[in-house]
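Enquirer: Chain by chain, the residues:
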Amino acid sequence: MMVMSLLAGIGLLLALSVLALFVGARPAGTPLVYAIGLVLSLFLLAVSGSALLRAGPAQTLVLPLGLPWIGTHLRLDALAAFFLVVINLGGAGACLYGIGYGRHAAEPLRVLPLVPAFLAGMNLVPLADDAFTFLVAWEFMSLASWALVVAEHRGAGHVEAGYIYLAMAVLGTFALLLAFGLLAGPAGDYAFASMRAAHAAPPVAAVVLGLVLFGAGAKAGLVPMHVWLPRAHPVAPSHVSALMSGVMTKVAIYAVIRIVFDLLGPPAWWWGLVVMGFGGASALMGILYALFETDLKRVLAYSTIENVGFVFAGLGLALAFRADGMAAAAALALTAALLHVLNHAVLKSLQFFGAGAVLGASGLRDMDRMGGLIHRMKVTSVAMLAGAIGLSALPPFNAFVSEWLTFQAILLSPALPQWGLKLLVPAVGALLALAAALAATCFVRLYGIVFLGRPRSDAAAAAHETDPFSATAMVIFAGLALLLGIVPGPALGALRPAVASVLGTLQPAALRLPWLSIAPLAASRGTYNGLLVFLFIAGSAALVAVAIRLVAPGRTRRGPAWDCGFPDPSPSLQYSAGGFAEPIRRVFGPVLFRSRTSVHMPPPGETRPARLVVRSHDVVWEVLYAPVAGLVAAASSRLNVMQFLTIRRYLSLVFALLVILLLVLALWR
Amino acid sequence: MHGIGFDIAHLLAGSLVLVSLTMLYQDRLYALLNTYTLHAVVLGLAVAWQARLQDAPHLYITAAIALLFKAGIIPIALHRIVVRLGIHRAIETVSGIGTTMLAGIGLVGLSFAVMLRVTEGAALVAREDVAFALSVVLLGLLIMVTRRNAVSQVVGFMSLENGLILAAAGAQGMPLVVEISVAFSVLIAFIVIGVFLFRIRERFDTVDVRALDRFRGERR
Numbered sequence: 001m002m003v004m005s006l007l008a009g010i011g012l013l014l015a016l017s018v019l020a021l022f023v024g025a026r027p028a029g030t031p032l033v034y035a036i037g038l039v040l041s042l043f044l045l046a047v048s049g050s051a052l053l054r055a056g057p058a059q060t061l062v063l064p065l066g067l068p069w070i071g072t073h074l075r076l077d078a079l080a081a082f083f084l085v086v087i088n089l090g091g092a093g094a095c096l097y098g099i100g101y102g103r104h105a106a107e108p109l110r111v112l113p114l115v116p117a118f119l120a121g122m123n124l125v126p127l128a129d130d131a132f133t134f135l136v137a138w139e140f141m142s143l144a145s146w147a148l149v150v151a152e153h154r155g156a157g158h159v160e161a162g163y164i165y166l167a168m169a170v171l172g173t174f175a176l177l178l179a180f181g182l183l184a185g186p187a188g189d190y191a192f193a194s195m196r197a198a199h200a201a202p203p204v205a206a207v208v209l210g211l212v213l214f215g216a217g218a219k220a221g222l223v224p225m226h227v228w229l230p231r232a233h234p235v236a237p238s239h240v241s242a243l244m245s246g247v248m249t250k251v252a253i254y255a256v257i258r259i260v261f262d263l264l265g266p267p268a269w270w271w272g273l274v275v276m277g278f279g280g281a282s283a284l285m286g287i288l289y290a291l292f293e294t295d296l297k298r299v300l301a302y303s304t305i306e307n308v309g310f311v312f313a314g315l316g317l318a319l320a321f322r323a324d325g326m327a328a329a330a331a332l333a334l335t336a337a338l339l340h341v342l343n344h345a346v347l348k349s350l351q352f353f354g355a356g357a358v359l360g361a362s363g364l365r366d367m368d369r370m371g372g373l374i375h376r377m378k379v380t381s382v383a384m385l386a387g388a389i390g391l392s393a394l395p396p397f398n399a400f401v402s403e404w405l406t407f408q409a410i411l412l413s414p415a416l417p418q419w420g421l422k423l424l425v426p427a428v429g430a431l432l433a434l435a436a437a438l439a440a441t442c443f444v445r446l447y448g449i450v451f452l453g454r455p456r457s458d459a460a461a462a463a464h465e466t467d468p469f470s471a472t473a474m475v476i477f478a479g480l481a482l483l484l485g486i487v488p489g490p491a492l493g494a495l496r497p498a499v500a501s502v503l504g505t506l507q508p509a510a511l512r513l514p515w516l517s518i519a520p521l522a523a524s525r526g527t528y529n530g531l532l533v534f535l536f537i538a539g540s541a542a543l544v545a546v547a548i549r550l551v552a553p554g555r556t557r558r559g560p561a562w563d564c565g566f567p568d569p570s571p572s573l574q575y576s577a578g579g580f581a582e583p584i585r586r587v588f589g590p591v592l593f594r595s596r597t598s599v600h601m602p603p604p605g606e607t608r609p610a611r612l613v614v615r616s617h618d619v620v621w622e623v624l625y626a627p628v629a630g631l632v633a634a635a636s637s638r639l640n641v642m643q644f645l646t647i648r649r650y651l652s653l654v655f656a657l658l659v660i661l662l663l664v665l666a667l668w669r
Numbered sequence: 001m002h003g004i005g006f007d008i009a010h011l012l013a014g015s016l017v018l019v020s021l022t023m024l025y026q027d028r029l030y031a032l033l034n035t036y037t038l039h040a041v042v043l044g045l046a047v048a049w050q051a052r053l054q055d056a057p058h059l060y061i062t063a064a065i066a067l068l069f070k071a072g073i074i075p076i077a078l079h080r081i082v083v084r085l086g087i088h089r090a091i092e093t094v095s096g097i098g099t100t101m102l103a104g105i106g107l108v109g110l111s112f113a114v115m116l117r118v119t120e121g122a123a124l125v126a127r128e129d130v131a132f133a134l135s136v137v138l139l140g141l142l143i144m145v146t147r148r149n150a151v152s153q154v155v156g157f158m159s160l161e162n163g164l165i166l167a168a169a170g171a172q173g174m175p176l177v178v179e180i181s182v183a184f185s186v187l188i189a190f191i192v193i194g195v196f197l198f199r200i201r202e203r204f205d206t207v208d209v210r211a212l213d214r215f216r217g218e219r220r
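Those protein sequence lines, which keep their order, are chains A and B.
The first sequence maps to residues 1 to 669 in this note's numbering.
The second sequence maps to residues 1 to 220 in this note's numbering.
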C-alpha cells in the first residue's frame with residue numbers, strides 16, 4: 001500500500017515535469033512548479049517517514065512493466081524508507097527554496113522540468129528491487145542531474161564540467177552493471193531477492209566490492225573518483241547543487257549499503273579496511289581541497305567529499321565489525337554512518353541555500369570578493385553560521401553527534417582480532433580526526449571571509465537580503481540542524497529498524513538513556529546530552545551578555561578600529577581566503593598538491609609591488625585522469641578519419657567485419 | 001531422410017547460390033535485372049518446395065509473395081526506373097570479374113564451413129538451407145560492395161533479402177508474421193530506395209554514388 005502511494009507520488013513528480021514544459025516560460029510558472037513539487041515532496045516524506053516509524057516487514061510490489069521476463073520489482077524496507085526520508089527532506093527544502101530562488105534562472109525551461117524528474121529518479125532508486133529497475137532509475141537520476149549541470153551552459157567551464165560528469169556517470173553505471181551481472185551469476189536472475197539468497201564466491205565478491213566502490217563511489221564523490229564532483233556540483237543552480245551534494249551523494253551511499261551489506265553476503269575482514277581507507281582518504285583530501293579553494297560553492301562541494309568520507313569510514317567499520325561477528329559494534333558504526341547521512345543532507349542543503357542566496361544577492365562566487373555580508377544579509381548569515389558550526393562538527397549541532405558516534409565506534413577497534421585492523425583502524429581514525437579539525441578551520445575561514453569584515457568589492461557592498469521563501473527554507477533547515485543536535489535520541493530511534501534491516505541486529509540498547517542522553521557503548525564509557533550542552537552554551541552566553549551589559553557603558557557605539565598606523569586601509573588588506581589557509585598549505589601543500597611558492601621581492605627603491613605566487617597541482621587529476629584523457633583524445637583523432645569515408649567504404653567495412661567474424665567462428669569452433 | 005524431397009530442396013537452394021554468383025559478373029543493367037528476376041523465381045520455387053516438404057501451407061503465401069513482388073513488380077519497376085533515368089550503359093565493376101568471382105567462391109566456402117559446424121544437431125534440410133542462405137546473403141553484400149551504380153546496389157540489396165527469406169523458410173517453425181514482415185520490409189526498402197534514386201538524380205544528374213561522395217567533399 002505504501003509502495004503504491006510512493007509510486008503515485010513519483011508518477012505525479014514525472015507528470016509535474018511534463019507540466020513544467022508548458023508553464024515554465026511564464027513568470028508564474030516557476031513558483032507554481034516548485035510549490036507543487038514541495039507538496040509532492042512533503043507527501044513522499046510523510047509516507048516514507050511513516051513507513052520508517054512503523055518498522056514493519058518489507059513491502060514488495062511487482063509491476064508488469066519493464067523487461068518482459070523480469071518485470072519491475074519494488075520493495076520498501078526500513079533502509080529504503082530512511083533514504084527516502086533523506087531524499088524527500090532535501091527535495092522539499094530545495095523546492096521551497098526554489099519558489100524564491102527560481103526567479104534567478106536565466107532560462108527557466110532548462111531547469112524547471114528537470115528538477116521534478118531528478119527528484120523522481122532519486123526516489124525510485126531506493127525502491128528498486130531488481131537490477132534492471134535500479135539501473136534505469138539510477139541512470140535517470142544521473143542524466144537528469146547532468147542536464148541540470150549544463151542548464152546554465154554559458155558560464156566558463158560549465159559544459160566541460162557536464163562532460164566530465166557525464167563520462168564519470170556513464171563509467172559508474174557501467175561498473176554497477178558489471179557488478180549486478182556478477183551478482184546475478186550464471187543463472188542471470190536479476191531480482192535482488194535471488195541475489196540476496198545466493199552468496200558469491202569470495203573472489204567474485206571482492207570484484208563486486210571493487211566495482212561498487214568505483215561505480216557508486218564515483219557518484220558519492222570518493223577520492224580518487226571525485227574529480228567530477230567539485231566541477232559539476234557548483235555550476236548547477238544553487239538549489240540543484242543542494243540536491244546533488246546533499247541528496248544525490250546519499251543515494252550513492254544507499255547503493256553501496258544495499259549492494260555490499262545486503263546483497264553481497266557475509267563480508268571478509270579486509271573489506272572494511274578498503275572501504276575505511278577510501279573514506280579516510282576522502283575525508284582528508286576533501287577538506288584540504290576545500291581549504292585551498294576560494295570559490296564558495298566549490299568549497300562546499302569539496303566539503304561534501306569530506307563528509308562522504310566520514311560516512312564511508314563508518315560503513316567500513318561496520319563491515320569490519322560485522323565480519324568478526326561483533327554485532328553491537330557493527331550496529332553502532334552503521335548507525336553513526338546513517339545518522340551522518342541525514343545530518344550532512346540537512347547541513348549541506350542549508351549551506352548551498354546560503355551560497356545561492358549570496359550568489360543571487362551579489363552575483364559573487366569568489367570568496368575573495370565578498371565580506372561584510374553579515375550586515376546586509378542578516379537571516380542568511382545566521383543560517384549560514386548554523387550550517388558552518390554544524391559542518392565543523394561542533395556541539396550542540398547535529399554533525400557533532402554522528403561524528404562523535406563514529407569515533408566511539410573507532411575506539412572499539414582494539415577488540416578486533418585481526419592485527420591489520422587493530423593497527424590501521426586507529427590510523428584511519430587519526431585521519432578522520434585531522435579532517436574534522438581541518439573542517440572547523442575551513443568553515444571558520446568560509447564564514448569569516450564571506451560574512452565578517454568589510455566588503456571586498458562593490459558587488460558585496462551592494463548585496464541585499466534574499467527573498468522570504470529562500471530565507472524560510474534556510475531558517476527551517478538551520479532549525480532542523482540544531483534540533484537534531486539537541487535531541488538526537490528520536491533520530492537514533494528512527495534509525496533502529498533501518499540498521500536492523502541491514503545487519504539483522506538491533507543497535508545497542510544503551511544507546512539511549514533517560515533525559516535525552518545518548519551513550520553509544522555504556523554509560524560508563526561516555527554519554528552525550530545535546531540538550532544539556534545547548535542549555536549550557538545558551539546559559540553561559542546569556543550570562544556573558546548580561547555581564548557585559550552590566551560592566552560596559554550604555555549603548556553600542558561604532559568607532560574607528562585601531563588601524564596599525566595605516567589610515568584608511570583598503571578592504572583588500574583584510575585576511576584573504578588564500579592567506580587564511582596559507583599555514584595549512586605550508587604543511588600539506590608541498591606533498592599532497594606539489595605546490596611551490598615563489599616570492600618576487602623588488603629591490604629597495606623600486607615601486608613595483610612584491611608578489612607571492614603559489615602554484616599547486618591537482619595530483620589526482622594529473623596522475624590518474626590526464627593520461628587517460630590524453631589517450632582518448634589521441635585515439636579519437638586517429639579514428640576521426642573514419643568519419644569521412646565513402647558509402648562504399650562503409651559498406652566494405654561492414655562486409656569485411658562480417659567476413660572476419662565468420663572466419664573466426666569457422667576457425668574457432 | 002535422404003529422399004528425393006531433400007535432393008530437390010538442395011538443388012533449388014543451390015541454384016539460388018548459382019544465380020547469385022551469376023549476378024556478380026553481369027556488367028549491364030538490363031542483364032543484371034533479368035538475372036535478379038531469375039533469382040526471385042528460383043527463390044519462389046525453393047520456398048514453395050520447402051512448403052511442401054514441411055507441410056506448412058503458410059509458406060506457399062511467402063512463395064507467392066516472392067514470385068509476385070520480387071519476380072514481378074520490382075524488376076518491372078526497376079526496368080522502368082532504368083529507362084527513365086536513361087542509364088543503359090555498361091556498369092563498371094570495381095575489380096576484375098575474375099577476382100570478384102574468386103571472392104564469391106571463397107564466401108560460399110566460408111559460409112558452408114561456418115554453418116555446417118555451427119548448426120550441428122539441427123535437421124539436415126535446415127542446415128543445408130541455412131548454409132545456402134548465408135552464401136546468398138554474403139554474395140548480395142559482395143554485389144553491393146563491388147558496384148558503383150545505385151541501381152545495381154539496390155539489386156544487390158534485394159538479392160541479399162532473398163537470402164534472408166530462404167533462411168526464414170528453411171528454419172522450421174518460423175511464424176508467418178515474420179515472413180510477411182520480411183517481405184514487406186523489402187518492399188518498403190525498395191520504395192524508399194527508389195525515391196532516393198530519383199532524388200539523387202534530380203540533384204546530381206547521375207546515379208553514380210561517387211557523386212554523393214564528391215558532394216560530401218570527401219577525400220579519396
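Take these hints with a grain of salt, some might be off.
Each pair of labels, with its calculated beta carbon distance range [to be verified]:
| # | chain 1 | residue 1 | chain 2 | residue 2 | range |
| --- | --- | --- | --- | --- | --- |
| 1 | A | S194 | B | I97 | 29 to 37 Å |
| 2 | A | G71 | B | A189 | 51 to 59 Å |
| 3 | B | R148 | A | A635 | 30 to 38 Å |
| 4 | B | R28 | A | G71 | 34 to 42 Å |
| 5 | A | L631 | B | A211 | 36 to 44 Å |
| 6 | B | G121 | A | L63 | 55 to 63 Å |
| 7 | B | N34 | A | F644 | 36 to 44 Å |
| 8 | B | G121 | A | G325 | 48 to 56 Å |
| 9 | B | A189 | A | L631 | 25 to 33 Å |
| 10 | A | F22 | B | R214 | 42 to 50 Å |
| 11 | B | I4 | A | L63 | 52 to 60 Å |
| 12 | B | A189 | A | F22 | 50 to 58 Å |
| 13 | B | R214 | A | E107 | 37 to 45 Å |
| 14 | A | A201 | B | I97 | 57 to 65 Å |
Calculated directly from the structure, the hints in this document are not laboratory data.
Even glycine gets a Cβ: it sits at the ideal position worked out from N, Cα and C.
Enquirer: Of the numbered hints stated previously, which ones are contradicted by the structure, given in increasing order?
Expert: Per hint list: 1, 2, 4, 6, 9 and 12 violated.
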